[in-house]
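Enquirer: Note that the sequence shown covers residues 1 to 623 in the UniProt record's numbering.
Since the hints were made in silico from the structure, they are not lab data. Possibly wrong hints are sitting among the right ones.
[To be verified] Simulated crosslink set (DSS-like; lysine-lysine; CA at most 27 Å straight-line): (1) 142 <-> 76; (2) 163 <-> 202; (3) 76 <-> 60; (4) 300 <-> 281; (5) 514 <-> 281.
[Stated by the list, open to error] Pairwise CB distance ranges (calculated): (6) 518 <-> 457: 15 to 21 Å; (7) 410 <-> 450: 25 to 31 Å; (8) 255 <-> 478: 54 to 60 Å; (9) 190 <-> 62: 39 to 45 Å.
Virtual Cβ for every residue (Gly too), placed ideally from N, Cα, C.
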Amino acid sequence: MKVCGVRNFNTPNKREVDDDSKFKSPNKVTFKSRLKSSLKSVQIEASAHSREKFLSDLRKAREITDVNETNDFLDKMRCRLDNPDVLSVDTVHQLMISYRDNQNYNGMISLVEDLSRIEDCTLIDTQVIRYQYAFALARRNKEGDRERSLATVLNIIESTADKEALSPDVICLAGRIYKDKFIASNYEDRESLNNAVSWYRKAFEMSPLEHSGINLTTLLRASGEHFENNAEMQQIAVVLNSLLGRKGALHQLTDYWDVATYFEVSVLAENYQKACEAALKMAMLKPPVWFLKSTMENIKLINRCAATISPIEKANVTCARFPVLIQELTKQFTPSYLTLNVTERSMILSHVLENSQQKKPPPGRYFHLRVINTLMEMTEADGTQGKVLSNLDGEKMHFEYELTPNGERAVLGKGTYGVVYSARDVTTQRQIVVKEIEVKYDEEVQPLMEEINLHSTLSHQNIVQYLGCDVVHRDTGNDVFLIFMEHVPGGSLSSLLRSKWGPLNEPAMVLYGKQILDGLRYLHEQKIVHRDIKGDNVLVNTYSGVCKISDFGTCKRLAGLNPVTETFTGTLQYMAPEVIDHGQRGYGAPADIWSFGCTMVEMATGRPPFVEVWNKTVKSAIP
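Construct the entire structure; sequences and hints are all you get.
Expert: Quick look at the structure:
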């Protein structure tokens, strides 16, 4: 006896199979696959929730002030990694960072070593975990740790096929290990020093950051290099100042490493006033002890190597100091001291504020003979006996141009009257600036040479020092007039405002404005009117903060030497009203002060003054 439906259920005919197949098309999702996908989603959400809970609880470690309690808490959190839902690269990394902040390097190392015993645990092969492991080994520094750390770092670098995916911190760690080896060798392992410089240089070239930049500069200084002689150190200092400048003034910085970088740059530049301000700020931030220890290691390195390696520090400086009497306009005598520096060929008169209370014989007896004899020796040595100033006409500058990798002259800028090149004084090996102006009127050459030779005797920290001039005669074409000036690393105030800084804040405006006024006051005391004060003629030393006025006292002569139709319109925005009304007759010290005010407006706004009026003037001048 047959039951209906049994045959059809067990052995369906072809037509029935064809009817069922239409419900199994690829576009349909079966109940089994839908259920399986839903269960996986639940598992993923549960794992994500477990990891978030772990990270949230881990942040509570920052609220614990006691070191031992923090370590106990982290060890308990570590036990939660036994749960596969919690174990991930992010959770392990954050736990290692918590150990690192607590200087528990044993905990970091043992964590990685325990995870390595788990089969198929690939998360310890990630770059971030291996980096933290190498960092902990380098910090713990037990026997063999430094070699294991270096091997781990080099393995990370070699195994990373895409170098762009390589973190600069990994390369910096290689430099740090070699730096530690150099310090541990009592500063004698020069090979480790060179390797440290090489790795930090690679990191800085890959990504210019404060950490790699300050360490590279420190190690270059330890190698015997100096800011004034090393172009690489100057370039790094410019980058560091730019990076720190974007973060605000010193009192606005809240990150310890930013303040520490400011501190170390100030020490390297020998600006100890700023270094003291930064040191006070570092102490107020109350950083961990190992932060301070790391910073002081760099300072010790600078001091130690500067004392043992630097040839400049060992230079013999001859200086004599004599008591003298200065007769004032009131016919009264003021006790002072005359300091003669034979090496720098300079004399300084310092006023004595009050007489000493000690009862001693007058110190000035018979000293006048030594003063006269020393002055005569200084002048006779240069063949200028009987003259106070050097015979500038008899001195000729021997220099060579700095070249680019393409073999062309290194151009620093192009001004109204000529081109400015970077060069080097062959005699002193210091970097100088050479301005070349084409001579169109020969009768203006001699007056300009006399004026520049006279200005070469001027000396002030806020004006660019003239070093002399020369004329190059050509067989074809016009002659070329050369002006030699000191080199100011950095750039003009206008170019820095346009390309890097933007508008300055009030403290920065006060800093630069005061220096410009000091330089102007000195020029006006020497009866020199600048005639062209503007941001382009103010050069800023970006690693020392000193600004200098350039192109003073020669604008009128240069205009006669090489007339340019744009000379007047080029600086119209900075010209005083009396100059615009009366031309050259309107020039005087007040006109320079007006131009200084326009320069202050440029600092405050980041662009030239009266730009709207200037745009209308230019448009109306276009036919």
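Enquirer: Between residue 410 and residue 450, does the beta-carbon spacing fit 25 to 31 Å?
Expert: holds (30 Å)
Enquirer: Per the hint of 39 to 45 Å, is the separation of the Cβ atoms of residue 190 and residue 62 within bounds?
Expert: At roughly 42 Å between Cβ atoms, residue 62 and residue 190 fall inside 39 to 45 Å, so the hint holds.
Enquirer: Need the status of pair residue 163, residue 202: alpha-carbon distance at most 27 Å?
Expert: The hint holds at about 12 Å.
Enquirer: Starting from residue 300, check that the Cα of residue 281 is at most 27 Å away, please.
Expert: holds (20 Å)
Enquirer: Tell me if the straight-line CA distance from residue 514 to residue 281 falls inside 27 Å.
Expert: Roughly 25 Å separates the two Cα atoms, so the pair holds.
Enquirer: Does residue 76 sit within 27 Å of residue 142, going by the straight-line distance between their CA atoms?
Expert: OK: residue 142 and residue 76 at ~26 Å, within 27 Å.
Enquirer: Taking 54 to 60 Å as the stated bounds, is the beta-carbon spacing between residue 255 and residue 478 within them?
Expert: holds (56 Å)
Enquirer: Quick one, are residue 76 and residue 60 close enough, alpha carbons at most 27 Å?
Expert: Since the Cα atoms of residue 76 and residue 60 sit roughly 13 Å apart, the hinted pair holds (cutoff 27 Å).
Enquirer: Look at the Cβ atoms of residue 518 and residue 457 and judge whether their distance stays inside 15 to 21 Å.
Expert: Distance hint for residue 518, residue 457 holds at roughly 19 Å.
Checked against the numbered hints given earlier, the structure satisfies every one of them.
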